[in-house]
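Trainee: Build out the structure end to end from the sequences listed, making use of the hints.
There are 2 protein chains.
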Amino acid sequence: MLDFFFRPQSVAIVGASRNPEKLGHAVLSNIINSGFPGRVYPVNPKAQALMGLPCYPSVLEIPDPVELAIIVIPYPYVPAVVEQCGQKGVKGIVVISAGFREASLEGVEREREVMEIARRYGMRLIGPNCLGIIDTTTPFNGTFAAGMPPRGPMAFMSQSGALGTAVLDIAMAGRIGFSKFVSLGNKADVSEADLLEAWADDPDTRVILIYVEGLPDGQQFIEVARRVTQRKPVVAVKSGSTQAGARAVSSHTGSLAGSEAAYQAAFRQAGVLRAASMEALFDYALAFAHQPLLPGDRIAIVTNAGGPGILATDALERAGLRLAALTSETIAHLESLLPGAASTHNPVDVLGDALADRYEGALRAVLSDPGVDGLLVILTPQAMTEIEKTAQVVGELASAQQEKPVLGCFMGEHRIEAGVRILQQYGVPNYPFPERAAEAFRAMATYRRERMRPLPTLETFDDVDRGRVADLFARVRAEGRVTVGDAEARAVAQAYGLRVPQSALARNPDEAVEVADRIGYPVALKIASPDILHKTEIGGVKLNLQTPADVRDAFELLTYRAMRYVPDARLWGCQVQEMFLGGREVLVGMSRDPQFGPLVAFGLGGIYVETLKDVVFRLAPFTRQEALEMIREIRAYALLAGVRGEPRADHDAIVEVLLRVSQLVTDFPEIVEMDINPLIVFEEGRGAVAVDMRLVLEGRSEG
Amino acid sequence: MLDFFFRPQSVAIVGASRNPEKLGHAVLSNIINSGFPGRVYPVNPKAQALMGLPCYPSVLEIPDPVELAIIVIPYPYVPAVVEQCGQKGVKGIVVISAGFREASLEGVEREREVMEIARRYGMRLIGPNCLGIIDTTTPFNGTFAAGMPPRGPMAFMSQSGALGTAVLDIAMAGRIGFSKFVSLGNKADVSEADLLEAWADDPDTRVILIYVEGLPDGQQFIEVARRVTQRKPVVAVKSGSTQAGARAVSSHTGSLAGSEAAYQAAFRQAGVLRAASMEALFDYALAFAHQPLLPGDRIAIVTNAGGPGILATDALERAGLRLAALTSETIAHLESLLPGAASTHNPVDVLGDALADRYEGALRAVLSDPGVDGLLVILTPQAMTEIEKTAQVVGELASAQQEKPVLGCFMGEHRIEAGVRILQQYGVPNYPFPERAAEAFRAMATYRRERMRPLPTLETFDDVDRGRVADLFARVRAEGRVTVGDAEARAVAQAYGLRVPQSALARNPDEAVEVADRIGYPVALKIASPDILHKTEIGGVKLNLQTPADVRDAFELLTYRAMRYVPDARLWGCQVQEMFLGGREVLVGMSRDPQFGPLVAFGLGGIYVETLKDVVFRLAPFTRQEALEMIREIRAYALLAGVRGEPRADHDAIVEVLLRVSQLVTDFPEIVEMDINPLIVFEEGRGAVAVDMRLVLEGRSEG
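These protein sequences, in sequence, are chains A and B. Just so we're aligned, residue 18 is where the first sequence starts under my numbering, counting upward by one. Just so we're aligned, residue 18 is where the second sequence starts under my numbering, counting upward by one.
If you're looking for bench data, these hints aren't it; they were derived computationally from the structure. In this text the structure is predicted, and so the values were computed from the model without any measurement. One or more of the hints may lead you astray.
Heads up, the list lumps identical chains together, so a pair's fine if it works in one copy or across two of them.
Claimed, not checked - SDA-like cross-link-like pairs, simulated, lysine to any residue; straight-line CA separation at most 20 Å:
#1 406 - 163
#2 630 - 656
#3 39 - 369
#4 63 - 37
Mentor: Okay, here's the thing in structure tokens:
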């Protein structure tokens, strides 16, 4: 897929130039210097030949078919050239030129125009406003970057071209290598999801890396990434994740950064690993690119220095990994190999005077221990340390097996350089400090967990009454409202199978007592009036009424208050509502993210949400498994699991509410906000009741 | 202070050797090669001369005075040589040899013997089991490391010698430079606190760096560090901070890692900055070493790339810094300088085609903005970027003023190398990724805040009755107990000025009602018996009794239960206790850390402590300011500050309880554990009551 971008038979460079200061010169010379095996056609009306190749005044004059066109001309001429490309039968276009959506309102228009032409001809387009694309296998360097990165198993896509130049420069230093490199620019057409799809089966790519500022079609990204991450790891840096950063994104590219909560949920649900910095991105990528996947979370450390061994132990524990417990056989074997002062327990300390052979014995023993899933080899350059020879040993032992990843932490700089290069040749990534190696192991462990999860199978409940909700929303909209009233919200909840409190309208105290007798005490009374929206503010609610007398008094008190504080209000009476004793109050909420759609929130009610911000998010629709994870991920989960002898809250009931809400907000895209607060959850087997529900519909101009 | 270690007039190397495989050879040649200006005396009975210097059979044979001796001989001979050093009048000894406390039980004994000799002669000792010491100003390299690090304003001390070798190798690559380097080894004598004291006034040292695994004399460290951090920044990496790491520490050096909570409190109270890794340690150190202190927390970014600008913005916000809001003058000025597509707001984007002069204009404008406290300059190596020239501009502008720190983030590798070297020459540290620069700014901001705090002045309350508590503890111990009973604990609390609930013993229901009438309702009743420790377990407590009838019933019920479930118990009656309505439950606790002494905890009561681990610690004694910080640092602080219309809890009352507890546990080192749980805090001005208190005394063999 999208092969014409990466392995074109022929490429035209529109705007190729002999002036070395021009980008069009850099692109042409990069293509030629990269050793591109296809045909190359410089296009420039002012030149006859460029770099020894015949030059054409326009794409249309090229005598042969053109598969890919790279456009590097001032923006006003771009639409016309794209039109010519269409006529020529070009399949893919890379627009390097800037001056589009990122620049101005006219730029937005111009970008739209270009895309209209491209779509008309069925052409795919990368950019505009980008650095270009690279495929090191073909080889093909269609960028204006300074040179070609080394070949390697990482494919990288970047929304920022400038960041791409830094990344390519880092790659050229030799530590990282790319299969493909794409600067996505404005993403007028080809997006992250397209490239993920295209690279999923690329045999040259073992790990896909993304730098992204915003994902306009978030849902599509999730849908594709979910599948791709089952095949190979995808690691992403998302910038604009703080408020200040989000403002910087929108002033930079005009694209929305979107809500951080939605991105977090999206990456999580799609199995995309998130790196906190570009440095971490490459640290993770190195491990995935060259080492086998981590089969478990038990890591062994072999070191010639106690201090760094402790730092590594701390870092692994903080990263959520476990320090492997070596078997007694391994320990006995190590005891026979190592000097008395050595530590034969994990972290294994071969001591400062260890030569390569002592490392070798220890590494062999530890690697063959069935309780070890991954290995970290630490080396400090001490007086007698055989750095290169030890690197050789590590490399050989790592490559001799393909089950357990081995990461290196040779610490230092000049003295270890040659050793690190040897490790690299064997595909053993080296990290300058143990903490960074530990974070790479963390990424590997997370990927393993994610990949072990089956692709989501979504449940839908057949017992919902979709038509009833549709009718109700139609009625609300017909009345020009966006807020759904109390009784209406209750009806929606019921239509989707949620349990709500029993409730009935009473027109006078006698009726109220009748209703209360039927429902059972205690009950709550709420003033019922279409003109009083904020009942609590006028004291229009009385809770926990225990007796008929209480109910009677409350009815009269509420009526009095309503008449006194809202004299013109139409009074229908009081709503008598079932009350619940005990149970935990939780919250289920939803807001609609502009990029990802319905974002469902779960947390404990009250102060937990307000002061501790202890809320977890998932994008709907989600699976039963994901719903269960939401419950378990809140910090105060212990309160639901049952602490201090309190009963465990009914998890199944919460899961079911979450799934039904997920279905509701997926079925009705017009719901933009929704809260069930509180949802009272009883002990195991006793269910949950949606006590209060708030629902806001999209404010449509038609409505 | 300790000048004889760093600037000795003369030094003897005991164990100097001609064999290049021996450490004694490396030490001697390092001293000679470092250009040490003092006199050097190799000591080795088997040689006449070494490296052109006359060699002596023993220290005693050296004809001139010897100020410093470095000992690199097998451990069995060390005590005798130390004795000779004493006789010779040596002032300082560095024992490089291993085979002491870290090795075996005999090693512990040998270390003690060596220290006895050293103390007898008034000699100071570094090590044993270390790499040696370096002073680059003298210059003097008394280590067996591979070479001498560049000179620079960082002084580094390390408990791990092996880590030291890696650090020195990194330094030799040129990015960091040291004034002094000390491998502390087993710290038989000279400790971190000694070196802090010695380096506080060292004019060659602008920042002090520490790698530490354990601080046996934690209180002394805090006391010294508190003063030193007022003069210059101290940055520390503490390893063994996780459980697994702590185990690794103790198996490595036999030293206790100590509780992480205590270290965190200690570093915090001493103003020592904590780095999470060695990489971070040097990242911070670079900023402190070469740039002025950060005068505020408003950072400006100037970049030629949008993406990295956003990453930097995110990172600064996450680091708790603020993005400087540029004045309208600055913005107008930038608009006049920069192309239309540039961003003139912070982050200032000078665009990908910016040459050095455009950077210069923007940097000048931003640096002179009064709303900017610090500046981050980002550069990606794009097609036209003038890397070295821009570095020159940044360096010149940074050094032309000494008020605002400037940090660099030139991203890439080979292409930016020369630029980074130029930055370095100007003392502008470069960070390869914006996140790391942001963390360095965070460290600078933290240091500024810490340094602005006055040295702690401790308050003591004169109204406490120390004698009464002393008597009480004596009585408890005389009875062979370590746990202090209910009424006793209440007496202790009262003696130290804490309010406790009114309470009295009632021998029968009538007396109980009498007491309750006097105290006021509601009250609690607790069975009173010296034989019933766990009252709640037999149902021996009734709370919230509202009426005389309730009290009467409860008395009889509790008596019945006690007789039924603990038939042999002596029954004294029931304790009638005042109950409190409303208020927030908080917890004040204390445990005694083996290295740092009394560690006082504060948190909200109940589930917050148990499930959310929302607790803050300080070492006693602490100041009023620190007590207030404890309250504000808990995550659920909003609950005390007043949310949802609830009243603000009485902060002064909590502070006073914390300070009185601090005084109590400082006055009585025999208190090893203590809990006030709950302390009920009322609204502002209404105080707090220590409802329940638990106290455990040290279990002495004499008691």
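Trainee: Any hints this thing doesn't respect? Which numbers, in order?
Mentor: none
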